[in-house]
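Asks: Each chain, letter by letter, is given below.
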Amino acid sequence: MTPAATLLTVETEARLRDIGEVDILIGIPSYNNARTIGHVVRAVMAGLAKYFSNRRAVLVNSDGGSSDGTPDVVARAVVDYGAMLISDRQGLLEKIITPYQGIPGKGSAFRTIFEIARRVNAKACAVVDSDLRSITPEWIELLIGPVLDQGYDYVAPYYLRHKYDGTITNSIVYPLTRALYGRRIRQPIGGDFGFSGALAQHYANKHVWESEVARFGIDIWMTTEAIASGARVCQSFLGAKIHDPKDPSADLSAMLVQVVGAVFALMEEHQSVWLDVSSSEPVALFGFQYGVGVEPVHVNVDRMLLNFRQGLTDLESIWRQMLTADTMEGLLSLKDCPLQSFNIADDLWTRVIYDAAVSTQRQVLPKEHALKALTSLYLGRTASFVLETQALTSMEAEDRIELLAQSFERQKPYLVQRWHESAIPE
Amino acid sequence: MREFWETALLAPLISLSERTLALLPNVLAMLIILLLGWALAWGVGLAMERVLRIVGLDRLSNRLGATRALLRGGVKADPSHLIGRTTYWLLLAFAVISALTALNLQPINEFAHSLLAYIPYLLTAATILVVGYLLSNFVGQAVLITAVNAGLPPARTVAALSRWGVQLVAVAMALEQLGIARNIVVVGFGLSLGGVVLAGAIAFGLGAKDLAKAYLEQRLSERTSHQSSDDLRHL
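In order, the protein sequence lines correspond to chains C and V.
Start counting the first sequence at 1; every next residue gets the next number (the numbering used here).
Start counting the second sequence at 1; every next residue gets the next number (the numbering used here).
If you are wondering where the hints come from, they were derived from the structure by calculation, not from laboratory data.
As the structure is a prediction and not an experimental result, all values here were calculated from the model.
C-beta atoms are modelled at their ideal positions from N, C-alpha and C, and glycine is treated no differently.
There's no promise every hint is true.
Okay, the calculated beta carbon distance ranges per label pair [unchecked claim]:
#1 C:Q271 - V:V51: 48 to 58 Å
#2 V:T124 - C:Q271: 38 to 48 Å
#3 V:A142 - C:E402: 54 to 64 Å
Here's a subset of chain C near chain V, in silico, CB distances under 7 Å, partners left out [said to hold, decoys possible]:
#4 D165
#5 I168
#6 D314
#7 S317
#8 P338
#9 L339
#10 Q340
#11 N343
#12 A373
#13 T375
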């Protein structure tokens with residue numbers, strides 16, 4: 001593991017000595033985002049000038065060794081404040097552009113940002129993705145404002161997204177996190193967060209940078225750590241989240257291993273927090289809510305169903321080790337189900353996820369195998385959700401996600417009972 | 001005639017019977033050692049299993065995850081039973097060698113000594129086979145899951161081939177360790193592996209040329225959004 005002392009480059013250390021202390025830190029992790037990061041940096045600069053003109057601020061770009069000139073784009077980005085009717089820009093925004101150390105991934109980039117936040121003693125911090133196309137200066141106000149003005153420790157994003165955008169969030173992470181920790185944070189792995197300097201210090205002090213947290217697991221780790229540490233948590237409405245399209249075939253099972261693996265690992269770490277939680281409560285939501293058009297998402301249901309059915313045949317023996325007999329029976333009943341009536345019901349899906357969590361705790365299979373074996377099940381559930389909601393609007397589909405979240409809450413005693421049963425006898 | 005009878009026929013018989021009689025105590029000793037050795041091996045093996053159960057080896061193994069590792073490798077017996085049986089077979093092997101030595105016959109003595117010297121190789125070969133078996137199950141499972149996630153129809157065949165491949169390597173290594181037909185094993189293994197790879201390449205080239213063509217076309221040409229299967233964003 002890279003020790004904190006060698007985490008920052010000599011140049012960055014020198015810049016930090018020059019800068020001293022700041023009020024606000026905005027972090028942008030990047031890797032080959034030259035196409036979009038200029039817009040993100042300009043939005044951040046405008047947001048800081050417009051809403052926090054009397055505060056000292058630093059923008060940190062933590063880069064993973066981009067070869068497309070991303071750091072140059074960040075260095076060159078400028079804002080025409082006049083055109084934005086911003087005239088009272090008083091403080092100077094500092095920029096730190098630095099490579100990060102450790103496993104390549106967003107989490108390692110954040111680790112460097114947390115460390116810099118600690119060094120400059122930032123009061124409030126925010127991190128935003130570098131591939132955003134819909135970020136506006138208002139995002140900075142909405143992510144930083146609740147921390148500086150309202151005393152919150154953690155600000156999660158609340159976006160308007162297409163009903164098929166963020167399907168891992170909708171079908172696993174949101175309902176599971178809500179049922180476990182009792183806080184209704186709609187986008188727990190949104191990617192753009194605000195947090196206090198104290199919380200940044202808490203993150204920097206953790207030794208998790210060799211795990212899934214160093215990659216896609218960072219978002220759920222930040223949210224869960226915030227809740228479990230008793231931090232004051234809220235959400236901010238940011239409008240639509242539109243980001244640069246990635247390769248849709250980017251390894252889905254690797255994403256599941258990192259995100260769901262991080263959720264399950266956090267369940268073990270924070271069992272004393274979630275085992276006694278029996279209901280959920282809403283989380284304060286800031287920002288002016290409005291309707292917005294979202295980009296269409298094309299979905300190939302046939303391909304997903306084909307994968308699910310192949311899983312039912314080829315992975316049955318593996319799934320039997322992970323899931324209970326009742327859950328398996330429910331899944332096998334879908335084997336010859338025609339497309340029109342194919343449906344993985346909320347209760348069945350809830351049990352699949354709860355069984356998978358317990359089997360990971362019991363280590364009945366190597367952890368990575370168990371998590372990767374969830375891919376076909378997840379595709380089946382996603383196909384089922386698409387078939388069920390194809391005629392619905394995104395708002396109506398949101399009601400379906402609410403029903404799923406309620407199913408996770410309703411069946412939590414089942415999880416708690418199985419979790420206790422799986423504790424190794426002394 | 002009488003002389004012929006005594007020297008040509010009777011003398012060898014007398015000599016044989018004398019030698020047999022001289023050997024009889026050794027044979028008896030061998031049988032006693034074998035019987036006692038077997039009884040001792042059985043008793044110690046059983047006692048070992050019981051004692052290990054009483055001191056909680058299985059619980060400790062559970063806690064350390066060793067039982068799960070064995071289960072994942074397809075070994076369903078618990079560690080106490082495994083150690084008990086291993087003790088039994090080791091003691092029995094020593095008893096057999098000691099019993100053979102009791103015969104006090106030059107060729108058998110040499111055989112017993114060489115058997116004793118062979119035991120380390122046997123243990124190494126056994127370890128290779130056990131590790132190979134556990135590894136083959138792990139690899140087979142990983143390949144199966146990956147192939148299903150990639151949507152490959154012959155996922156189970158690919159996984160079985162991977163598992164057998166690892167087991168084949170383990171068996172070849174174990175035989176090489178035992179010194180059994182060393183050259184034949186190495187050459188045979190090389191030929192088999194080369195044959196499998198060549199057969200696979202030919203089969204893929206002939207059987208999946210359209211698939212490969214489509215894949216390369218898709219990769220090399222600029223993909224437009226409507227050509228992709230879907231643009232679902234999971235996170």
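Asks: Each hint: holds or not?
Replies: How the hints compare with the structure:
1. C:Q271 - V:V51: 48 to 58 Å: Since C:Q271 and V:V51 have Cβ atoms about 35 Å apart, the given range 48 to 58 Å is violated.
2. V:T124 - C:Q271: 38 to 48 Å: holds (43 Å)
3. V:A142 - C:E402: 54 to 64 Å: About 37 Å separates the Cβ atoms of V:A142 and C:E402, which means 54 to 64 Å is violated.
4. D165: holds (5 Å)
5. I168: holds (4 Å)
6. D314: holds (5 Å)
7. S317: Constraint on C:S317 not satisfied, violated at 9 Å.
8. P338: violated (21 Å)
9. L339: violated (16 Å)
10. Q340: This interface hint is violated because 20 Å lies over the 7 Å limit.
11. N343: Constraint on C:N343 not satisfied, violated at 19 Å.
12. A373: Holds, because the Cβ-Cβ distance from C:A373 to chain V comes to roughly 5 Å (cut-off 7 Å).
13. T375: holds (5 Å)
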